[in-house]
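A.B. asks: Starting from two chains that each stand alone, build the complex the way the hints lay out.
One letter stands for each residue in the lines below.
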Amino acid sequence: MFRLPHSFIFSRQDSLIHRLDIRVKIIIFIEFLILSLILFNIRDQLTLLSFLGALIFLSKIERRILNSLAFITFLMAMIFILNLIISKEIIISLSYSLRFLLIILTSSSFFQTISPDELEYFLRLLRVPRYLRFAFISALRFVPLLMLDLIQITDSQRARGLELDKGNIFKRIKNRIPILIPLIISTINRSSQMAEALETRAFNSTKKDVLCLNLNFEKRDLIFLFIFFLPSLLTVGYYYIIYP
Amino acid sequence: MIEFHNVSFIYPNGFKALDEINLKIREGDLLALVGENGSGKTTLIKHLNGLLKPTQGKVFIFGRDTKELTVAEVSRYVGIVFQNSDSQLFSETVEDEIAFGLRNFGFSEEDINLRINFALRLFELEIYRKKSPFLLSGGEKKRLCMACILAWDPRFIVLDEPTVGQDFLEKEKLIQMIDLLRRKGKGIVIASHDIEFLWKLQPKMVVMKNGRIIAYSSAEEIFSNSSILDQSNLIPPQLVELSKHLSTKAFQTIEQAKEWIKKRVNV
Ligand SMILES: Nc1ncnc2c1ncn2[C@@H]1O[C@H](COP(=O)(O)OP(=O)(O)OP(=O)(O)O)[C@@H](O)[C@H]1O
Ligand SMILES: [Mg+2]
Numbered sequence: 754m755f756r757l758p759h760s761f762i763f764s765r766q767d768s769l770i771h772r773l774d775i776r777v778k779i780i781i782f783i784e785f786l787i788l789s790l791i792l793f794n795i796r797d798q799l800t801l802l803s804f805l806g807a808l809i810f811l812s813k814i815e816r817r818i819l820n821s822l823a824f825i826t827f828l829m830a831m832i833f834i835l836n837l838i839i840s841k842e843i844i845i846s847l848s849y850s851l852r853f854l855l856i857i858l859t860s861s862s863f864f865q866t867i868s869p870d871e872l873e874y875f876l877r878l879l880r881v882p883r884y885l886r887f888a889f890i891s892a893l894r895f896v897p898l899l900m901l902d903l904i905q906i907t908d909s910q911r912a913r914g915l916e917l918d919k920g921n922i923f924k925r926i927k928n929r930i931p932i933l934i935p936l937i938i939s940t941i942n943r944s945s946q947m948a949e950a951l952e953t954r955a956f957n958s959t960k961k962d963v964l965c966l967n968l969n970f971e972k973r974d975l976i977f978l979f980i981f982f983l984p985s986l987l988t989v990g991y992y993y994i995i996y997p
Numbered sequence: 072m073i074e075f076h077n078v079s080f081i082y083p084n085g086f087k088a089l090d091e092i093n094l095k096i097r098e099g100d101l102l103a104l105v106g107e108n109g110s111g112k113t114t115l116i117k118h119l120n121g122l123l124k125p126t127q128g129k130v131f132i133f134g135r136d137t138k139e140l141t142v143a144e145v146s147r148y149v150g151i152v153f154q155n156s157d158s159q160l161f162s163e164t165v166e167d168e169i170a171f172g173l174r175n176f177g178f179s180e181e182d183i184n185l186r187i188n189f190a191l192r193l194f195e196l197e198i199y200r201k202k203s204p205f206l207l208s209g210g211e212k213k214r215l216c217m218a219c220i221l222a223w224d225p226r227f228i229v230l231d232e233p234t235v236g237q238d239f240l241e242k243e244k245l246i247q248m249i250d251l252l253r254r255k256g257k258g259i260v261i262a263s264h265d266i267e268f269l270w271k272l273q274p275k276m277v278v279m280k281n282g283r284i285i286a287y288s289s290a291e292e293i294f295s296n297s298s299i300l301d302q303s304n305l306i307p308p309q310l311v312e313l314s315k316h317l318s319t320k321a322f323q324t325i326e327q328a329k330e331w332i333k334k335r336v337n338v
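Listed in order, the protein sequences are those of chains A and B.
Positions 754 to 997 (this note's numbering) are the ones given, in order, by the first sequence.
Positions 72 to 338 (this note's numbering) are the ones given, in order, by the second sequence.
Bound-form chain B, shown alone (with noise of 0.2 angstroms):
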């Protein structure tokens, strides 16, 4: 379990990105932090790994402060996928960038070939196992930096902002892959603007502005409270525009729309 205890943060300049933050994130738990740009999702996500330690209050992971632990020994429990990760690409192979955390984490190498093999046919880059990664397309780094992470299979996974730069169908994998992580257990924390890949997943929403958490609610809830929408400027899934139209209960997919429809079209 991860937990936020009124935490504050101010960058050196001065200015407070974090504003007396209190979170629980428990494992098996799916979260999406929404929000403005720089509202504070990215500096909130950098707490969870110990890289920024808060001014104010206090944040434990399975009980601990993360102000006694290194950002190693945390990062062996909660994995983080960063906005611009492709940046972090610098070995000669694909496989050797996804050894790299692993031999950080000091796995055997026996161990090692298991999880690279795992993680390659996860995102499907086996084909560029012995390629460079940086020939690689935008969409296929980003898998490759997820694959990375999710090679070590930390308890908790953190994307920020994990869909852009992705086709549709990647999105498609991306959700599938998400519940599969979820039911194996684990906790996830997704930032994220794309509004309809984080409605397919129906997490529970934190909604940022301005450094301070000004709902926590099922993504049902949140996208019909008409106030909040206002004030953290989001605009609903379309699924749930058209049930607000058709004055009905929101619709999560679009079979469940196709249904309400027919029952009353008769075709």
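So here's chain A without its partners, still in its complex pose (with noise of 0.2 angstroms):
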């Protein structure tokens, strides 16, 4: 369990797709989540998943995916045997669950391959203000801190013979206690800390705002920017040519 929120962290790596412009990074993922979105049909689902799985690939991210794959598997088959149940379609069913897989896994290799900094890009791209954009970021750079704290906290209070998995359901939840009183404590004396120490870097006393980012476009991007929109091309190509 403590598997699944590492898919939705960056992951700082050196890879082709990290290394794309943030603009093109940006255009492909909304690219992916809209179709992902849209495309309900088996066959051209599958393409799109065949691209992610490239991008993926590409982006040395699949460890973490396959980490987290059982319990997206898990939720797969719920959303198969329900729609099961309600339609009676199996093709449908499937299609619901492969719309889940592929909105699970682009929005996952979104987080993990953009970092904090180009998509504060990105809000601003969106017009967001910056007192929200800046919150979103730092809410965004504490969950790795905070799981931190989480194995620490957890580590000592076992170590005091504090057992999880111990008695029924109401025992267990109480069991949580000693852990979860500590780190909202800690949480709120980090963000207290952080904070302080903004408004003793002055931060907020111009209106002017610096990005810190390169923004360079070379033919790399052009290059991935064509092949992660065949897909698009692709599935306008079956409708329109192929099959019109």
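I should point out that these hints are in silico values taken from the structure, not numbers from a laboratory.
On a predicted model such as this, the values are computed, not experimentally measured, just so you know.
Yeah, the Cβ is synthetic: ideal placement off N, Cα and C, and Gly gets one too.
Keep in mind that a hint or two might mislead.
Each computed DSS-like pair below joins lysine-lysine, with the alpha-carbon atoms no more than 27 angstroms apart [stated by the list, open to error]:
#  : chain 1 : residue 1 : chain 2 : residue 2
1  : A       : LYS919    : B       : LYS129
2  : B       : LYS87     : A       : LYS813
3  : A       : LYS927    : B       : LYS212
4  : B       : LYS275    : B       : LYS129
5  : B       : LYS138    : A       : LYS919
6  : A       : LYS924    : B       : LYS138
7  : A       : LYS927    : B       : LYS201
8  : B       : LYS124    : B       : LYS95
9  : B       : LYS138    : B       : LYS244
10 : A       : LYS927    : B       : LYS202
11 : B       : LYS315    : B       : LYS333
12 : B       : LYS124    : A       : LYS919
Not close to chain A: a few residues of chain B, all C-beta gaps over 12 angstroms, as computed [stated by the list, open to error]:
#  : residue
13 : PHE133
14 : VAL152
15 : HIS264
C.D. replies: Right, here's the structure in full:
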């Protein structure tokens, strides 16, 4: 269960995809997201899935994805079964669970390949106000720290004889209290420390907004933009040219 | 007795933090783990009560493999106070905080009371008994964390960075307490960067580097071996430096140094 959040946290890798221009990445992911939402045909979905698979391998994030696959498969099976009961159509149910898989994989690779700095740039493009952007980005940066705290606190309490998986369901929930309270407290402490640190460094004292991100569009970006636009072209091709 | 047999440990992200560790810790031993940041001290410590299980090799505690024991079972005998343990506090009062571990191990209420008294006295925290642990100072929190562990009287006591944030007087008290525990026959393991503090304890030292043990010997020998000091970026305690300049045997205490100098200077 600790594994799933990892697939939605930026993974610092040196890969072809990570090095792409942020604008190209955003275009590709928006395209993939739209396609995974609208495609409802197993053939098209599998085409998109193979491109997505290539993207995942090129960004060297397959290990984290595989780690969370067990949980994703479980949810997919649930979606499939529920749909099968309601619609009694195998193909449609399969499409629904594939759609879920595509959405998860797209968003997971989005968050794993776009660094918080780049994400801020993206939010800026969407004209999100600066304080909101900052709050969002710092919340995102907090997640890995929170997980470290969680591990450390759990270790400390287990060393004091706390047994998490003992007793009935109520006992088990109660067992979490000695972990939850310190976690909340350390998070509050950390955020107030951060607020103080920001103020001592005069955060938000000027209206000017500086971006510390290199934007450079190279030939490589163009090539990848083309390759990863193929799923859209193929889909359009299927519908309007091959089977009009 | 705690035994490490060829223990290697790899974190889930693929980082090898322990590499072929072989180590025996007996009751009555005082062992210091030293080494640079990231050399694997905390990782090794987490193997002592089974929080981490070796990727390769085995850890035996009183002859039993930690893989077959729960953390709680081992913790009854091996008490660990972690590096940032003050983040573990959660109770309403200091005494409840100490009682938490004791309740987990199933002590009777009567016994719990006695042990709370003992632990509070040991760390001079009696006046805070009914106070919230969150209102204590950093150093007091650290002492409370030690009190929490010592309350159930484990046979091995493991302290990760016990001197961080403690003032001079507290360090001296800590030294006395560790001496007392040693005389009571407890096995003690201390991971620390505080060389002056360790020197006063004269422990057996385990020097770690990149997850390996590169030296295991008495404090005196380690600090007189310049190749080990170089490899592990350790700086010898001032008394050792002094005796080196005077080309004599290492002084263990300031008194010894004084005696030696007095004899020669005739004051
Ligand atoms: N949960 C983890 N996942 C991956 N790597 C880790 C994890 N915890 C520690 N490490 C790595 O293992 C190595 C050893 O860490 P460890 O905490 O044991 O060092 P240490 O000797 O206690 O250092 P310090 O003196 O700073 O306390 C470090 O390089 C660290 O980056
Ligand atoms: Mg450490």
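A.B. asks: All hints, please: hold or fail.
C.D. replies: Comparing the hints with the structure gives:
Restraint check for LYS919 (chain A) and LYS129 (chain B): the C-alpha separation of about 26 angstroms stays at or below 27 angstroms, so the hint holds. The straight-line distance between the Cα atoms of LYS87 (chain B) and LYS813 (chain A) is roughly 20 angstroms, inside the 27 angstroms bound, and the hint therefore holds. In summary, the hint linking LYS927 (chain A) to LYS212 (chain B) is supported, as the alpha carbons are separated by about 24 angstroms, within the 27 angstroms threshold. With a C-alpha separation of about 23 angstroms, the suggested pairing of LYS275 (chain B) with LYS129 (chain B) holds against the 27 angstroms cut-off.
A C-alpha spacing of about 18 angstroms is found between LYS138 (chain B) and LYS919 (chain A), which places the hinted pair at or below 27 angstroms, so the restraint holds. Distance check on the hinted pair: LYS924 (chain A) and LYS138 (chain B) sit about 25 angstroms apart at the alpha-carbon level, within 27 angstroms; holds. A threshold of 27 angstroms between alpha carbons decides the hint, and for LYS927 (chain A) with LYS201 (chain B) the separation of about 23 angstroms falls inside it, so the pair holds. Of the supplied pair hints, the one linking LYS124 (chain B) and LYS95 (chain B) holds, its CA atoms being roughly 17 angstroms apart against a limit of 27 angstroms.
Note on LYS138 (chain B) and LYS244 (chain B): the hinted pairing is violated, with a Cα-Cα distance of about 36 angstroms set against a maximum of 27 angstroms. Annotation: proposed proximity of LYS927 (chain A) to LYS202 (chain B) holds, straight-line Cα distance about 23 angstroms (limit 27 angstroms). For the given pair, LYS315 (chain B) sits about 17 angstroms from LYS333 (chain B) by alpha-carbon distance, which is consistent with the 27 angstroms threshold. At roughly 20 angstroms between alpha-carbon atoms, LYS124 (chain B) and LYS919 (chain A) fall within 27 angstroms of each other, so this suggested pair holds.
Chain A leaves PHE133 (chain B) outside its interface by the beta-carbon criterion, the shortest separation being 17 angstroms against a cut-off of 12 angstroms. With 12 angstroms as the threshold on Cβ separation, the claim that VAL152 (chain B) sits away from chain A is violated: the shortest Cβ distance comes to roughly 8 angstroms. Listed as outside the interface, HIS264 (chain B) is consistent with that label: its C-beta sits roughly 19 angstroms from the nearest C-beta of chain A, beyond the 12 angstroms cut-off.
Violated hints for the displayed structure, listed by number in ascending order: 9 and 14.
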